[in-house]
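Dock chain C against the given chain D, drawing on the hints supplied.
Line by line, the protein sequences give chains D and C.
Numbered by my numbering, the letters in the first sequence go through residues 11 to 87 in order.
Numbered by my numbering, the letters in the second sequence go through residues 130 to 707 in order.
Don't read these hints as lab results, they were simulated from the structure.
Below are the SDA-like pairs computed for lysine to any residue, each with C-alpha atoms no more than 25 Å apart in a straight line: (1) C:Lys654 <-> C:Tyr152; (2) C:Lys684 <-> D:His65; (3) C:Lys684 <-> D:Ala66; (4) C:Lys354 <-> C:Asp625; (5) C:Lys591 <-> D:Asp70; (6) C:Lys361 <-> D:Ala21; (7) C:Lys361 <-> D:Gln55; (8) D:Lys15 <-> C:Ala686; (9) D:Lys29 <-> C:Glu438; (10) C:Lys654 <-> C:Arg675.
Quantities reported herein were computed from a predicted structural model and do not represent experimental measurements.
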Amino acid sequence: MARVKVSLFAALRVSIGGKPSVELEIEPGETVGDVLDRLGVPADQTRIIFVNSRHAGLADPLQGGEQVAVFPAIGGG
Amino acid sequence: MPVIYRVNMSDLSVRAEEPREGYGELGGRGLTSAIVAGEVPPSCHPLSAENKLVLAPGSLTASGAPCAGRLSAGAKSPLTGTIKESNSGGTAAMALASLGIHAIVLEGKPRDNRLYRLIVNRDGVKIEPAETLGGLGNYESVGRQFEQFGERIACISIGPAGEMRAAAASIAVTDVEGRPTRHCGRGGLGAVMGSKGVKVIVVEPAAGERLKAADPAAFKAAVRKFAEALQKHPLTSQTLPTYGTNALANVINAAGAYPTRNFSEGQFEGTEAISGERQHDVILQRDGVIAHACHRGCTIRCSRIYVDEQGQYVTKGPEYETIWAHGADCGIDDLDAIAQMDRLDDDLGLDTIETGATIAVAMEAGILHFGDARGAIRLLEEVQKGTPLGRLVASGAAVLGKAYGVSRIPVVKGQSMPAYDPRAVQGIGVTYATSTMGADHTAGYAIAANVLGVGGRVDPLKPEGQVELSRNLQIATAAIDSAGLCLFVAFAVLDDPSALAAICEMFAALRGRPFTGDDLVALGKSILACERRFNAAAGFTAADDRLPDFFTQEKLAPHNVTFTVPDEELDKVFDFVA
Numbered sequence: 011m012a013r014v015k016v017s018l019f020a021a022l023r024v025s026i027g028g029k030p031s032v033e034l035e036i037e038p039g040e041t042v043g044d045v046l047d048r049l050g051v052p053a054d055q056t057r058i059i060f061v062n063s064r065h066a067g068l069a070d071p072l073q074g075g076e077q078v079a080v081f082p083a084i085g086g087g
Numbered sequence: 130m131p132v133i134y135r136v137n138m139s140d141l142s143v144r145a146e147e148p149r150e151g152y153g154e155l156g157g158r159g160l161t162s163a164i165v166a167g168e169v170p171p172s173c174h175p176l177s178a179e180n181k182l183v184l185a186p187g188s189l190t191a192s193g194a195p196c197a198g199r200l201s202a203g204a205k206s207p208l209t210g211t212i213k214e215s216n217s218g219g220t221a222a223m224a225l226a227s228l229g230i231h232a233i234v235l236e237g238k239p240r241d242n243r244l245y246r247l248i249v250n251r252d253g254v255k256i257e258p259a260e261t262l263g264g265l266g267n268y269e270s271v272g273r274q275f276e277q278f279g280e281r282i283a284c285i286s287i288g289p290a291g292e293m294r295a296a297a298a299s300i301a302v303t304d305v306e307g308r309p310t311r312h313c314g315r316g317g318l319g320a321v322m323g324s325k326g327v328k329v330i331v332v333e334p335a336a337g338e339r340l341k342a343a344d345p346a347a348f349k350a351a352v353r354k355f356a357e358a359l360q361k362h363p364l365t366s367q368t369l370p371t372y373g374t375n376a377l378a379n380v381i382n383a384a385g386a387y388p389t390r391n392f393s394e395g396q397f398e399g400t401e402a403i404s405g406e407r408q409h410d411v412i413l414q415r416d417g418v419i420a421h422a423c424h425r426g427c428t429i430r431c432s433r434i435y436v437d438e439q440g441q442y443v444t445k446g447p448e449y450e451t452i453w454a455h456g457a458d459c460g461i462d463d464l465d466a467i468a469q470m471d472r473l474d475d476d477l478g479l480d481t482i483e484t485g486a487t488i489a490v491a492m493e494a495g496i497l498h499f500g501d502a503r504g505a506i507r508l509l510e511e512v513q514k515g516t517p518l519g520r521l522v523a524s525g526a527a528v529l530g531k532a533y534g535v536s537r538i539p540v541v542k543g544q545s546m547p548a549y550d551p552r553a554v555q556g557i558g559v560t561y562a563t564s565t566m567g568a569d570h571t572a573g574y575a576i577a578a579n580v581l582g583v584g585g586r587v588d589p590l591k592p593e594g595q596v597e598l599s600r601n602l603q604i605a606t607a608a609i610d611s612a613g614l615c616l617f618v619a620f621a622v623l624d625d626p627s628a629l630a631a632i633c634e635m636f637a638a639l640r641g642r643p644f645t646g647d648d649l650v651a652l653g654k655s656i657l658a659c660e661r662r663f664n665a666a667a668g669f670t671a672a673d674d675r676l677p678d679f680f681t682q683e684k685l686a687p688h689n690v691t692f693t694v695p696d697e698e699l700d701k702v703f704d705f706v707a
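Bound-form chain D, shown alone (with noise of 0.2 Å):
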């Protein structure tokens, strides 16, 4: 079975219930925006998206394994 680790960031964690990850089996070539969309998170407060640690976006398709992380729109010094 395939699995990836997400991972949520700031206000995006109310999705998870304040959890900073989770972990979910995939069916590969699943998309990050499927997954999303599988734990509620809007897509539309995605702004970065990482996968094993490279820029991603919502159409990339998972394989399993990959460590996902996300964030909405998120700056500071």
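Frame of chain D, contents of chain C only:
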């Protein structure tokens, strides 16, 4: 009529003058750099009588424009030897602007080596002896001014580090609660203030705004437009007030660019424990404060008040850079210990970026183990005691590293790199290498497009597009730094054309003549050109516009990448300067 006060510490005299030709329309960094470049011999010793310390509010300060309360401090830097501008939030800029003060310039040097304070109010500037403040931390010495003068004052001060003329010494500015928590941190300007014998500057503001626009109706409309743009952008209206600057820790760590244990890795296993999310939760659980403004008129409210488990005040924030420098860079994941160190840095009057980076180099040198939070606090106590080790800690990473034979010292032009590894964010690497300020992140904040998706997207791991990105941001930032605007307005400016238009409309309405985006670019370019010329005359060449070799040789995990922007490309950043 705006006034510039010339405070001569050699003969303890004060002269008020109208801004001379070329100074009148400048503010903030534009003004400090013009005065330093025009009047300070580039080859002078930064702690000598020939250096000048210029303190200037911005062109928009105390005008009614939101987020425009920053104070610029400028001089030749004792840390870098370059021209330096360092700006701070807090209450002082608006207090100075309310009195119609365009700038205060500290000149000369006391012949008797004594300590003084300045009292600034509607009667002018007075110099008074202040021996009794000698050796006091910023909290105590500023506290005494509030006891004497009441709660409406603003204070600009140095701590023991500035009195020691330490190269990492900051200039503190009081926040709205009257605490010395905002700092002109970078480049050791606290040492310049100390060399001129000034311990604290007390400013008694005049009531109301002083800056009157030539076209008040147009100015008001532009202010409203600007305020709306800041309200619309999720960063300036939600993320920053909720999580503060440290919202960035998890992003930069996820990007593999969070410098860990003296820039040896790009991810820190302890990031969650020191993240903006955790900091937010801890502060709220303990009844601290979030969504806090460091100056009146700031609508972004990124600062916060950190308290201990008993709910007692410890420090502000701390900010992203501070938490990184004393945290991941040192292998420390204890937020309370980091907050304690921030409090010590503020009280001693030290740049938190430089100090954390110096402790990390001390760890690399074997003075402490990475992760030793108690040991790091003891190093700051050495500064407090003024021991030789303490003086090394207060002198910055390059000096301490040299004294201990360390070869991996992450500095450019003697100044420590901030919280982004240039190998994994190549655009900020270009800024670090080429900025007139030394390794500086605010000078050309490429993170915006490299990592955050603000103002476009440029792949952080490749050399392409980074020179143009850094150049454009360095130009824009120099202009914003002249307005007294907080750089965080740039998040809205980069994404929303109406924000940039509003800034230009504010300038135009202020001056009573057109001011466009091209004029803003021209302003930024002229400031950078002036700074580049000073640095060249001070002996800096292209060889100084480079990162330390280990960044081009040592691969950084997790991306296993080195800095690959070629030297010839770095030398093109300032191709607009004759």
